[in-house]
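Based on the provided sequences and hints, a complete structural model is requested.
Protein chains in written order, with the working numbering: chain A, 1 to 196; chain B, 1 to 370; chain C, 1 to 64.
Everything labelled a hint here was simulated from the structure, so no lab data went into it. Cβ atoms here follow ideal geometry from the backbone N, Cα and C, with glycine treated the same way. A few of these clues could be false.
[As the list claims (entries may be wrong)] DEER-style ranges, computed between Cβ atoms:
#1 R69/B with E47/C: 39 to 47 Å
#2 Q45/A with D51/C: 38 to 46 Å
#3 E92/B with A48/C: 28 to 36 Å
#4 R69/B with R182/A: 43 to 51 Å
#5 N25/A with L209/B: 52 to 60 Å
#6 L259/B with F110/A: 17 to 25 Å
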Amino acid sequence: MARMKFLCDAERCIECQACVTACKNEHEVPWGVNRRRVIVMNDGQPGERAVSVACMHCTDAPCAAVCPVDCFYTTADGIVLHDKDLCIGCGYCFYACPFGAPQYPEQTAFGVRGKMDKCTFCAGGPEPAHSQEELTKYGTNRVEEGKLPLCAEMCATKALIAGDGDVISDIYRKRVMQRGGRPQTWGWQSAYGEGV
Amino acid sequence: MSKHQEATTAKRRWRSMLWTVLAVFFLAAALPSASYLFAQTSSGELPQRQFSEESETNPRSDMWRSARRGEGGFTNQSGPYVTNELINNSGENYRQIRMGPLTTVGGWFLVVVFLAITAFYLLMGQKKIDGGRSGQTVVRWQTYERFLHWLVALGFVILAVTGLSLLFGRTVLIPVFGHVGFSAWAEVAYSTHNLVGPVFAVALVVMILLFIRHNVPNKTDLQWFKQGGGIIGNKHPSAGKMNGGEKVWFWVGVFALGLTAAVTGFIALFPNWGFQTREIMSLVLILHATAGILWIGLFLGHAYIGTLGTEGALEGMTRGRVDVAWAKQHHDLWYQDVLASGEKPVSEEELKARKHQTGPSGSAAGQQGS
Amino acid sequence: MMPKRTTLCAVAVVTLMLLAGCSDVTMYEPGVYKGSGDDTASEEAAEARADDLRERARTAHTDR
Numbered sequence: 001m002a003r004m005k006f007l008c009d010a011e012r013c014i015e016c017q018a019c020v021t022a023c024k025n026e027h028e029v030p031w032g033v034n035r036r037r038v039i040v041m042n043d044g045q046p047g048e049r050a051v052s053v054a055c056m057h058c059t060d061a062p063c064a065a066v067c068p069v070d071c072f073y074t075t076a077d078g079i080v081l082h083d084k085d086l087c088i089g090c091g092y093c094f095y096a097c098p099f100g101a102p103q104y105p106e107q108t109a110f111g112v113r114g115k116m117d118k119c120t121f122c123a124g125g126p127e128p129a130h131s132q133e134e135l136t137k138y139g140t141n142r143v144e145e146g147k148l149p150l151c152a153e154m155c156a157t158k159a160l161i162a163g164d165g166d167v168i169s170d171i172y173r174k175r176v177m178q179r180g181g182r183p184q185t186w187g188w189q190s191a192y193g194e195g196v
Numbered sequence: 001m002s003k004h005q006e007a008t009t010a011k012r013r014w015r016s017m018l019w020t021v022l023a024v025f026f027l028a029a030a031l032p033s034a035s036y037l038f039a040q041t042s043s044g045e046l047p048q049r050q051f052s053e054e055s056e057t058n059p060r061s062d063m064w065r066s067a068r069r070g071e072g073g074f075t076n077q078s079g080p081y082v083t084n085e086l087i088n089n090s091g092e093n094y095r096q097i098r099m100g101p102l103t104t105v106g107g108w109f110l111v112v113v114f115l116a117i118t119a120f121y122l123l124m125g126q127k128k129i130d131g132g133r134s135g136q137t138v139v140r141w142q143t144y145e146r147f148l149h150w151l152v153a154l155g156f157v158i159l160a161v162t163g164l165s166l167l168f169g170r171t172v173l174i175p176v177f178g179h180v181g182f183s184a185w186a187e188v189a190y191s192t193h194n195l196v197g198p199v200f201a202v203a204l205v206v207m208i209l210l211f212i213r214h215n216v217p218n219k220t221d222l223q224w225f226k227q228g229g230g231i232i233g234n235k236h237p238s239a240g241k242m243n244g245g246e247k248v249w250f251w252v253g254v255f256a257l258g259l260t261a262a263v264t265g266f267i268a269l270f271p272n273w274g275f276q277t278r279e280i281m282s283l284v285l286i287l288h289a290t291a292g293i294l295w296i297g298l299f300l301g302h303a304y305i306g307t308l309g310t311e312g313a314l315e316g317m318t319r320g321r322v323d324v325a326w327a328k329q330h331h332d333l334w335y336q337d338v339l340a341s342g343e344k345p346v347s348e349e350e351l352k353a354r355k356h357q358t359g360p361s362g363s364a365a366g367q368q369g370s
Numbered sequence: 001m002m003p004k005r006t007t008l009c010a011v012a013v014v015t016l017m018l019l020a021g022c023s024d025v026t027m028y029e030p031g032v033y034k035g036s037g038d039d040t041a042s043e044e045a046a047e048a049r050a051d052d053l054r055e056r057a058r059t060a061h062t063d064r
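Next comes the structure, spelled out in structure tokens:
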């Protein structure tokens, strides 16, 4: 059984923001909601690295654990999805998530946030695949078509890679062997409880 | 052209070539070193750049280290819920506390308190008024005091039910209603909790200010606690308007836990104030739930003693008048004060007669019915 | 004898419960997710797309 994972190779990420743009465009994500974002550490200093971060689809997802209405579910290949019909917009998943992935379309007084929105690994939601409801609530469903998340597929430097954990760790391991240095599978310890 | 002219031209060429070569050598050494002049004059203004050869640790591992610590970076994306941290370390703590002790210990605490009170009632029964009612009553709470009390009480019950639903609903209510049914209720509970909360907080503060003068601790309370409040047995320790137990409910429950819940509630309710990081929010939510659970536990005791537990106690807060026998038994010092202030106990017949005189919308006493 | 108001309240509660029984409300069965189900989350669906996705990862992410 495949286990879907994201891996961002910080040695390759050039902070071009193409993954962010691709995601926004593919899923028609509203203004102010960012399913994916690029964070640059030590910007303009030696040791500067950029990492593209979205939902990492954790094995033991903290968001799913704290959700008061239990609206999260995990597909058989490890993609963490949620049901927007059940979500009450309480914001608890945002406080529990290590990666800051859950996003909300509104921020007003009285804590009204709207339904939570996050990266779906381009796998839609509980509605029938490719239906209009799924499209408006969660965006397109590429996984069902046998395609991987668009952010990773169109990454120019192939820094962001997505897919079955075994396959992408193979690819990454080969790279590290070729170029030397230590593997830096950022976020894997927190999300999957293991490195490459 | 003469030979002499040719010789001078050649000499001039040779000389200019020599000078050019010398100038090249001189400038090659002088121009680059000229930068020392600028370097020395402006060294205080330029930032000291840390190159990897010069720093003690590897800047790349420093970067990963600070990322793990949760230090922020730079991000182009903007939005109310976009953060610049690679990792949020407080999240796992929040999850462990909320799904661990808060739900398990907190839940069982409430169950045990409820069972203990039920057992106490079944074993000991209601505390009766010694020698029965006298039929004579005195005023204990004014109308505005009772109104405020019930306003706070109504808010409390609504907030307790909705708050408990949100915390324990997943364990207790989803198995009954299913996901869709519970989600519908959770939506209502969530908005109700958020809308009633601020109103309740204001009413709570007013009530604290109004009742604080009755709740100043004194020596009588010490005696009251020494005798265990007369809960078990037939002793009745003296008490003023409020006895030791009621003062504990006021200071620990209403004041400390109530204000904690109110302050944390406001912080959680208005994320748009802007200072609330995820760490602050999760801490505040845990404090809010803890204060709420403890307060509900105390409230169960307060509600039991005020209604089922003590004969003649509830009417003080419903119709505002208490039986003289009850007053002598539970609040003897207060009863003496009432008599000293010149108020005289009134019998039921007299009250009825007064009511007929003033009409149904007349005086405050005896309006709230049974 | 019960006071009038208590009796009325009890009658109201019982009536509401009886009325609820008339609708097609079914109680939750443990382990059965009654929310909108996701066909793409099942073992079979994941198994069916696994090879395609693996192949795609190999072609998309390796350096050519």
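So, going through the hints one by one against the coordinates:
1. R69/B with E47/C: 39 to 47 Å: At roughly 41 Å between Cβ atoms, E47/C and R69/B fall inside 39 to 47 Å, so the hint holds.
2. Q45/A with D51/C: 38 to 46 Å: Holds: the Cβ-Cβ distance is about 44 Å, inside 38 to 46 Å.
3. E92/B with A48/C: 28 to 36 Å: Distance hint for E92/B, A48/C holds at roughly 35 Å.
4. R69/B with R182/A: 43 to 51 Å: This hint is violated: roughly 19 Å between Cβ atoms.
5. N25/A with L209/B: 52 to 60 Å: holds, 57 Å
6. L259/B with F110/A: 17 to 25 Å: holds, 20 Å
When held up to the earlier numbered hints, the structure conflicts with hint 4 and nothing else.
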